[in-house]
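If you read the sequences in order, they're chains H, C, Z and L. Numbering follows my numbering, in which position 262 of the first sequence is assigned residue number 262; successive positions increment by one, without gaps. Numbering follows my numbering, in which position 169 of the second sequence is assigned residue number 169; successive positions increment by one, without gaps. Numbering follows my numbering, in which position 74 of the third sequence is assigned residue number 74; successive positions increment by one, without gaps. Numbering follows my numbering, in which position 80 of the fourth sequence is assigned residue number 80; successive positions increment by one, without gaps.
Don't read these hints as lab results, they were simulated from the structure. Incorrect hints may appear among the rest.
Heads up, the list lumps identical chains together, so a pair's fine if it works in one copy or across two of them.
Said to hold, decoys possible - Taking lysine-lysine pairs in the DSS-like style, the calculated list, with each CA pair at most 25 Å apart, reads:
| no. | residue 1 | residue 2 |
| --- | --- | --- |
| 1 | Lys43 | Lys193 |
| 2 | Lys111 | Lys43 |
| 3 | Lys281 | Lys193 |
| 4 | Lys70 | Lys5 |
| 5 | Lys6 | Lys70 |
| 6 | Lys142 | Lys4 |
| 7 | Lys43 | Lys168 |
| 8 | Lys43 | Lys281 |
| 9 | Lys43 | Lys280 |
| 10 | Lys280 | Lys193 |
Protein chains: 4
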Amino acid sequence: MSVKKKVAVLGASGYTGSDAIRLLARHPNVVISALTANAHAGKAMGEVFPHFFALDLPVLTEWEAVDWAKQDAVVCGLPHGATQEIVAAVLSANPAIKVLDMSADFRLRDKAAYAHWYGHEHRALYLQGEAVYGLTELYRPKIAPARLIACPGCYPTAALLALVPLVKAGLVDAHDLVIDAKSGMTGAGRGLKLNTLFSEAGEGLSPYSIGTHRHSSEIEQEIGVATGTTVTVNFTPHLVPMARGELCTCYVRLNGATVDDLRAALERAYGHEPFVHLAKKDEIPQTRNVRGSNHVQIGVFADRINGRAIVIATLDNLVKGSAGQAIQNMNLMFGWPEATGLEQIALFP
Amino acid sequence: MSVKKKVAVLGASGYTGSDAIRLLARHPNVVISALTANAHAGKAMGEVFPHFFALDLPVLTEWEAVDWAKQDAVVCGLPHGATQEIVAAVLSANPAIKVLDMSADFRLRDKAAYAHWYGHEHRALYLQGEAVYGLTELYRPKIAPARLIACPGCYPTAALLALVPLVKAGLVDAHDLVIDAKSGMTGAGRGLKLNTLFSEAGEGLSPYSIGTHRHSSEIEQEIGVATGTTVTVNFTPHLVPMARGELCTCYVRLNGATVDDLRAALERAYGHEPFVHLAKKDEIPQTRNVRGSNHVQIGVFADRINGRAIVIATLDNLVKGSAGQAIQNMNLMFGWPEATGLEQIALFP
Amino acid sequence: MSVKKKVAVLGASGYTGSDAIRLLARHPNVVISALTANAHAGKAMGEVFPHFFALDLPVLTEWEAVDWAKQDAVVCGLPHGATQEIVAAVLSANPAIKVLDMSADFRLRDKAAYAHWYGHEHRALYLQGEAVYGLTELYRPKIAPARLIACPGCYPTAALLALVPLVKAGLVDAHDLVIDAKSGMTGAGRGLKLNTLFSEAGEGLSPYSIGTHRHSSEIEQEIGVATGTTVTVNFTPHLVPMARGELCTCYVRLNGATVDDLRAALERAYGHEPFVHLAKKDEIPQTRNVRGSNHVQIGVFADRINGRAIVIATLDNLVKGSAGQAIQNMNLMFGWPEATGLEQIALFP
Amino acid sequence: MSVKKKVAVLGASGYTGSDAIRLLARHPNVVISALTANAHAGKAMGEVFPHFFALDLPVLTEWEAVDWAKQDAVVCGLPHGATQEIVAAVLSANPAIKVLDMSADFRLRDKAAYAHWYGHEHRALYLQGEAVYGLTELYRPKIAPARLIACPGCYPTAALLALVPLVKAGLVDAHDLVIDAKSGMTGAGRGLKLNTLFSEAGEGLSPYSIGTHRHSSEIEQEIGVATGTTVTVNFTPHLVPMARGELCTCYVRLNGATVDDLRAALERAYGHEPFVHLAKKDEIPQTRNVRGSNHVQIGVFADRINGRAIVIATLDNLVKGSAGQAIQNMNLMFGWPEATGLEQIALFP
């Protein structure tokens, strides 16, 4: 690697942005060329995220102050809604830049679906059409040559990796999918909210957006693509008193298939993947196995109810659920080995 | 109350035993007359549970050393398997004593079911037949005059309170019940196990006994009683990094009913209950609402999947899920107001 | 008790206010007659603190809307600075009302000290002069007949209970006191701050206000009263990832005394106290022993450095460190047994 | 690097062993050639530490089964007491092997001190004499050519890095050192102990070994070396409900020096160090800043007590406090850049 690629991070004061910085700062082919956080412009990263105290990072600026023509790629960790116009502006300043967006703004393929779930018309419709859904393992051929990747959120990444190979193979009923999801608190972001205070969130468990969470739209879209039909899933998330981690317990109805059929289908789908792993028969996926890493662990279990099974997937919501997947896609787009800079082993305990 | 009843606690060195002591020590009609923990006989309770340092409690003895003829009731917090023979001995020493058992030993009505789930023949079969299943709200008339109460565990208490009124009224399909349960770590007991160490259990979430947990037998038994038929449920528990708390997210298929029908049925069942509460429409049950209290909170939510709904119940596994329910039953058996000594408000934060 | 006293809680949406409600709602001699939280006026308490869902409590109002003439006492959980003028207004509306203030506004006896530590002149100087410092065990005779009690914060309560009997007896050097304090997150309040988010505060420990915390002024004032001289203490607090709890590790230099002398002095001071307990020689004070209770546990330990010792005190910052002490003082002022309504046993685990 | 060095890890089933594996598995110059854990011989590492599921690691064996002649180095994570004889056997099998010991067995230079603190005569006295105390920043010239390194524990590493430059320069009184230490739960090891269960250790803080902890012997030894005199320090550790992390709050008496003098001395000592960092004036060291990394952060603060100051050091007890320091020393011994394989950025949140 003679010349390193210049990568900017938009939204460097949030958790997905900071995890992108953690990974990019040790990526051998990359130099972090700009960091933006409009509310913190002028500050050092160490003031916003003290754990970066020992790194030499660019000072935070407003995103408008970046010379986009000089960047090779941008990892975007801005909130949904705000993202679409900024990405449009960045691409207009530098049409050749590669955009790895971690927000929800470009994930929905259908403009009506976007308007329904996000409450307003999309403000960069042409980009919505161009964006490629960035679930690496499912869309590699489309991601590699693309310019704008809509990296899926943590919930869809876990649920889709567990379910798509099964519905695609017709092994499970696509119209009876129950996904009980559990997420760590970083999934709720770094904004100041009462329910994410330590004293409110610790030592307790809360369901939220019961059966109505926005991210179910992505799951339904991609299960729909896999089956060629419109589906509705139950997706009910719960906040768990841990910082990182995402685990989906998926309850599926079998179309005459066995648990071994399910395992075989997942093995076919992921047997050669560097980051997606089918758990051995006696192995239970748990969030601790993947914390801080880009790995996903999937297990299949028999249900005592006749004709049903349980599929469990776990990942780190900030890595394979956000920043790690963005970098995995970036590696693909630059033609680098896909695992470059993503070799971190889970930090346990 | 002229004369207080003498109550012994068996298994005082475990979490259910200690929570029974916490409640009994402030119960106005009761004196704690004996505490046993065979492995700690001779010690003060403050050596085994330092948070009792300011209480004046009996010294721990072996259970064999108690003069059972002098006790009016016993709350039993011993492990399953060990309990049945000890309870038989206690009842043989004092046939008039009231036994509140918090173990699983007398919960299953069917001896074959017991042998299947617990791996050995029951060693006190005549008592298995006599024992009354101690889910207070469902079995009050049988509990009041009984001698031996098999208090249900935390998982069945939460799941059954949520589901029995619905299956009994024929509102939901008894043959398609998916119960995704989340429990705090005290549910795993005070025994020394690697997976319950702070460093192993903290900052992570683990499913376990996926679809195969023993307590599903109690749920199936009682749903079966409610419907008059044999049912199999999916029950999948998860360990959550919190000490106390239990929350069951139940995914049900509607028999033509609406979410409002479900709410109405639960309101009919629990409208006058002191401890079981139907959440208002915008209220989300969460474990923090009940920590340290005997309350149960149940919510009903629409599923976006046609013909399905989500019912969520939460309780404190050591109170309504163990010691609190035992004392609630004891109050019934002694003819005291049912909430006596159980007025604790949830401790939050 | 024929007629219950009417008690209002000001600042019911904060943690000290809500813990006062938890305790008052079960106090046998009290009825909660008004709850105020100006930002939440019109809401039910269950909307602001969902764990009160099963209690029948007054709707929240603005403090100005309370008919103060009809209240017998008020427990005030407002922020410092805001409190002084509101308390002045309440006392002006009803000069006979008993005020239990949990803020810092009336704790400092010296107006210059107040201005120094809080950055502005006191706005109700005559009340500053009238207020009695509400550390129950030290000032009972003054508290009982008083009208306005300045209940000390959690840090001073722990530190002073540990140290005052020792400095008073001349056993330790009042000019070489190092107090290393550790507090749970509720001590930082319910306001929205980045450093109290679960993801920021969990799994980590932070010192703050190192050697400069405001509450050291109360400690210095009271040590000064005890010794009749001006003292400066080192007081360095640390935020610990737990919701409740306060522990002060005090490093003292002995004036020729022994550890046994220290224990004897503390035993003399607290031997008959209902809430302050000298730990036995092999007992280690820890926050879990007092969580949710009004108890304080104090231990004395030898230092291997010649002529030094370590004194450790622990309490629940929201109970003996705030709301519990307020109610203990209220009991004194109404002539009730001091432990009325404060019999809660620590909730463990 | 043409040929990788073969490194074995002894005690692979403990936390220091597993963190050594996490680091060595990504070390570019190393191949993990053997893993031992006698109680788990024959198992895959993924059975003992499931988070290694995606790594290809040697099967666990008994330490006696390793062909020591084929190893270049060994990182030893065995308990103290057991270590000394095993290290002797390993060195006898291969006198050229480099030993990085993370236990306490070879840290004390004086045989009487060892016998005093560990309760038995040392069983490999000649090695005790040979071993080099492995606090990298202080003993680089001795470590590089050595064969057996006694890597210091987490407490001494933090305390000594904070204090040695100050006592050496005569800026602080070596005879009045108070070190209040706070440690995460992994510091208590992976053995099954009641006080390290999640339900016992969570949501609370406990001091232990108050003023008498074994590791104070290392601190006293090294302060003694720095000053050329015998010293006694106060060292009081506290268990904090977090998995990793170590923070020492050191209260020092100034020998006429100022806080700026202290900062200057630390800057001189560590200005060029890759892993030890003096915090800026407004920066507060906290454990989150170093979790999972080999970094140490040290801050200096004025005390309001005349002539005193507060020095705070934080590190990750499993990295710079154990495995990271071992590998840092190994890098030195093999002549590699000292930070090789230790570039991990702190994982936050």
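Verification of the hints:
In the homo-oligomer, the alpha carbons of Lys43 and Lys193 lie at most 25 Å apart both inside one protomer (23 Å) and across protomers (19 Å), since each shortest distance falls under that limit. Proximity of Lys111 and Lys43 under a CA criterion of 25 Å is satisfied in neither setting, with 38 Å inside one chain copy and 39 Å between copies. For the identical chains of this complex, Lys281 and Lys193 are inter-copy neighbours only, at 22 Å across copies versus 41 Å inside a copy, given an alpha-carbon limit of 25 Å. Only within a single protomer do Lys70 and Lys5 lie at most 25 Å apart by alpha-carbon distance; the minimum there is 10 Å, versus 42 Å between protomers.
Taking CA atoms no more than 25 Å apart as the test, Lys6 paired with Lys70 passes inside one copy only; the shortest distance there is 8 Å, against 44 Å between copies. When the C-alpha separation of Lys142 and Lys4 is checked against a cutoff of 25 Å, the pair qualifies only within one copy, where the shortest distance is 24 Å, while the shortest distance between copies is 39 Å. Within a single copy, Lys43 and Lys168 get their C-alpha atoms no closer than 49 Å, and across copies no closer than 36 Å, so neither meets the 25 Å cut-off. Proximity of Lys43 and Lys281 under a CA criterion of 25 Å is satisfied inter-copy only: 16 Å between copies versus 50 Å inside one chain copy.
When the C-alpha separation of Lys43 and Lys280 is checked against a cutoff of 25 Å, the pair qualifies only between copies, where the shortest distance is 14 Å, while the shortest distance within a copy is 47 Å. Proximity of Lys280 and Lys193 under a CA criterion of 25 Å is satisfied inter-copy only: 22 Å between copies versus 40 Å inside one chain copy.
The structure does not agree with the numbered hints 2, 7 stated previously, though it agrees with the rest.
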